[in-house]
Amino acid sequence: MIRDAIRLGLLMALLLAITALTGIRSGLGSGVVLAGGALLLTGIFAGKVAAQTGLPRLTGYLLIGIVVGPFALGFIPKEGVAGLDLVKGLAVSLIALTAGTELRLGLIRRVGKEVARVGALVSLVVFVVIIVAMLLGRDLLPFMREMTWPQAVAVSALLASVVVSFSPTVTIAILQETRAKGAFSEFLLAIVIIGDLFVMLVFALAAGVTKALFGGRFELGVVVGGIGWEIIGSVLVGAAIGFGALLYMKRVGREIPLFLSGLCFVMAELGIHLHLSPLLLSLAAGATIANLDEHIAQRIHHAAEQAGLPVFALFFAAAGASLHLDVLLVVGPVAVALVLLRGISLYLSARAFGPKRAVIRENLWMGLISQAGVTFGLAALIGRSFPAFGADMETLIIAMVTLHELVGPLLTRRALANAGEIREHARSGAH
Amino acid sequence: MQVLLVFIVVFVLSVLASSRWLLQWGRFFFLAQLSASGLLFLVFGALVGPHALGLLDVSALDSARPLLSLSLGVCGLLVGINLEPHILRRLPLRAFVASAVQSGAAFTAVCVPMAILLWINTPLSPSGVGGAAVMLGAAASVSSAHFAVLWYRSGRMEHLRGLSVALVAMLDDMFGLAVLALALLFASATSPALGLGLVALATLLGLTCGALIAYLIHGVEDGAELTAILLGGAALVAGAAAFLRVSGLLAGVMCGATLALVGGTQATRAFRALGKVERPTYLLLLFLIGAHLDATDWKAWAVLPVFVALRFLGKVVGGRMATTAAKGVLRFPRELGYALVAQGGLSLCMAIEYLLLVPRADSQLVFGVVVIAALVNEVLGARTIGLSTARPTRPSPRPLPSREAA
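If you're matching them up, the sequences are chains E and B in order.
Residues in the first sequence are numbered consecutively from 6, following this note's numbering.
Residues in the second sequence are numbered consecutively from 4, following this note's numbering.
None of these hints come from the bench; they were simulated from the model.
One should not assume that every hint holds.
Unchecked claim - Distance ranges between label pairs, derived from CB positions:
#1 B:203 - E:390: 47 to 57 Å
#2 B:85 - E:334: 49 to 59 Å
#3 E:393 - B:196: 43 to 53 Å
Said to hold, decoys possible - Which stretches of chain B does chain E cover? Using the computed rule of at least three CB atoms under 8 Å from a CB of chain E, they are:
#4 66-72
#5 210-216
#6 235-242
#7 296-304
The beta-carbon is built from N, C-alpha and C at its ideal position, and this holds for glycine as well.
Model the full structure from these sequences, guided by the hints.
Next up, the structure:
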């Protein structure tokens with residue numbers, strides 16, 4: 006561990022020297038590649054140090070991103086981190102595609118109904134608890150003080166729909182890092198994906214109603230159509246892409262790493278331009294491949310796993326570098342209160358409505374704590390769509406996600422360990 | 004969306020480039036040579052770029068700048084590691100002299116006349132003319148030995164002679180890069196002293212990163228982890244160079260050379276690991292270089308024949324001088340210069356580096372000449388490699404008429 010810590014220290018010393026040189030060089034160039042290289046390298050070694058101290062590698066990636074990022078030591082330029090959005094999109098698609106190759110029809114048949122029931126009930130409890138808490142404490146939130154009751158209810162519902170959201174990305178990353186396999190892992194993965202479908206649905210409805218109450222028009226057809234397109238369209242387009250990928254693998258089968266990178270890139274960009282969910286799109290593509298040809302799915306899974314280390318290290322270190330620590334200082338107390346409330350709601354509802362198997366029921370809440378990319382995306386959408394209160398609410402959500410990103414991976418790993426599904430070599434932190 | 008287009012085009016071309024059917028079909032149109040060396044990507048880049056079909060506009064090229072910087076860094080790192088210090092240490096001095104003589108001859112043959120041509124025809128300052136002419140000379144001095152390698156592998160050239168050509172081509176990379184540093188010293192800053200400082204900064208950055216990467220990969224057994232660290236290292240050195248606006252290519256080469264020098268056996272593993280991403284990176288780089296080309300610039304086309312002819316002359320004369328200088332040490336083909344006509348990828352990297360770091364109107368001219376010349380010299384090199392080994396034809400004895408024989 007000492008050797009890896011020394012390596013990390015030397016890397017940070019080099020970054021410090023580069024930062025110092027910017028003082029004597031006028032007119033700097035693009036910092037995107039520097040951000041990518043620095044975050045990847047520091048991420049890899051911080052992950053190793055974290056693993057050797059018993060923490061998830063992912064926590065190491067996130068923490069080092071925060072430390073070297075623009076909001077702490079400032080070794081990485083802010084615009085450099087912003088320029089990594091393309092890489093982040095690609096990483097989300099690759100992570101979801103890999104997870105999709107494990108979604109077989111047999112699994113959906115086996116746990117589908119149970120997952121849908123538990124997911125809906127747990128999400129509903131958190132949703133209601135957060136709405137009630139927001140309404141009770143509306144005087145503590147300056148942006149809600151002047152609102153009418155209907156407006157306050159709609160805005161609380163909007164915030165609650167975002168607060169409910171889970172993080173499939175973090176869950177998949179931890180599952181891959183720990184190589185966990187078993188009933189709990191399957192259930193957790195399925196519930197975070199289903200939970201996000203619920204979030205999309207409720208968020209779109211809440212946003213439509215809120216818009217209407219703040220002077221806009223509420224068109225149910227547009228709202229339903231938007232949700233339908235985002236969910237069903239993502240699945241259909243994803244399935245078509247998966248079918249195309251399968252044909253390529255069968256007929257051509259060359260340049261697989263380049264092909265996979267291109268595929269993920271296409272899915273990430275299509276998601277943005279066609280208003281689809283890149284996560285669902287990639288999951289559907291992976292699931293289509295897995296259910297039509299298991300051998301090819303395994304080849305893709307293997308190739309994607311090979312790229313797992315740099316993708317995870319860069320993606321999560323960049324996520325850490327994007328976390329606004331300054332925001333946390335401003336809205337910290339309210340954010341902490343909401344985080345605690347969400348945690349307690351998840352704990353109680355998962356225990357009350359969880360599956361019969363005790364090992365799943367008792368540990369599920371820990372796996373549901375993480376929040377990341379989807380939540381950030383929704384927060385940004387609120388910020389853009391609601392000028393009256395959007396910026397304040399976005400700040401609050403970002404502060405919450407920051408806290409969840411720090412504790413979520415630790416709890417997910419712990420839940421997997423309690424369920425006894427972590428493979429031995431991953432548990433010891435050896436790679 | 005345009006970046007998506009770049010990726011799709013690169014991917015499709017990459018698959019097509021390894022298609023046997025296309026290679027066979029393209030044999031008639033020089034496509035096979037251009038495809039095998041990857042230069043077809045350059046042509047496609049030029050076609051979709053802002054100066055031709057316009058599918059990629061200037062803003063798209065600007066947004067692809069990080070990719071360009073990264074590709075340059077990776078290529079520089081690979082060139083640096085490929086310098087193989089353990090081979091260089093064993094070489095006799097005359098091998099270095101031979102290489103310096105042939106690349107020096109090509110450099111002089113291009114640089115001096117070009118300096119005069121630019122001095123007469125452009126309103127550039129003396130240091131601007133010096134920088135541009137030295138850059139053209141640097142691009143002329145480097146060469147690629149891939150045809151010689153193909154020939155000796157297929158048994159058409161004696162193994163030892165083929166290796167000697169490859170060695171000289173490897174050594175002239177060093178000469179070319181030293182001259183590139185000289186060109187940047189003159190042209191990349193407001194004064195040569197500042198230019199020297201920037202070149203020194205790039206060198207120092209490369210040395211530091213190379214030593215650090217060597218330490219980071221020490222003892223790493225896992226192949227995926229090794230590749231990830233190397234990619235991160237390449238991005239770090241290229242990114243720091245791009246951020247500080249110094250030469251990423253020079254920094255990358257210095258980084259690779261340092262890694263090769265102090266990395267021990269891990270350097271060989273590093274070369275193999277980076278080799279997996281070499282071709283996609285190189286093809287992407289060629290595509291982006293092509294997209295920067297303004298093929299409608301008539302000045303570049305006017306200078307092109309002069310550049311190609313002078314370089315050819317320099318390579319032929321330099322090759323003969325090198326053969327004399329290396330007598331008894333290296334065995335070259337009969338005409339070494341003919342085997343070194345192909346320009347290779349390094350000259351393209353040098354040209355794009357010059358274009359990025361020297362924001363002047365004449366940079367586009369220098370860049371255009373070097374890029375188009377690379378295509379011309381590739382086609383020319385495929386023809387001259389055969390002449391490099393050919394013996395002068397002697398009149399064969401006339402066969403006797405059968406009746407006389409009887």
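- Message: Taking beta carbons only, do three or more residues of the region 235-242 of chain B come closer than 8 Å to chain E?
- Response: Held - the region 235-242 of chain B has 8 residues with a Cβ nearer than 8 Å to chain E, which meets the minimum of three.
- Coverage assertion for the region 296-304 of chain B with respect to chain E, Cβ distance below 8 Å, three residues required: Our answer is that it is violated, as 0 residues pass the Cβ test (under 8 Å) against chain E, missing three.
- CB of residue 393 of chain E to CB of residue 196 of chain B, is that within 43 to 53 Å? 58 Å, violated
- Query: Per the hint of 47 to 57 Å, is the separation of the Cβ atoms of residue 203 of chain B and residue 390 of chain E within bounds?
  - Reply: Because 52 Å falls inside the window, the suggested range holds.
- At the C-beta level, are residue 85 of chain B and residue 334 of chain E separated by a distance inside 49 to 59 Å? 50 Å, holds
- Tell me if chain E covers the region 66-72 of chain B under the three-residue, 8 Å CB rule, please? Contact hint for the region 66-72 of chain B vs chain E: holds, 3 residues under 8 Å.
- Within the region 210-216 of chain B, is the number of residues with a Cβ closer than 8 Å to a Cβ of chain E three or more? With 3 residues closer than 8 Å to chain E, the region 210-216 of chain B meets the three-residue bar; holds.
Taken one by one, the earlier hints fail for this structure at numbers 3, 7, listed in ascending order.
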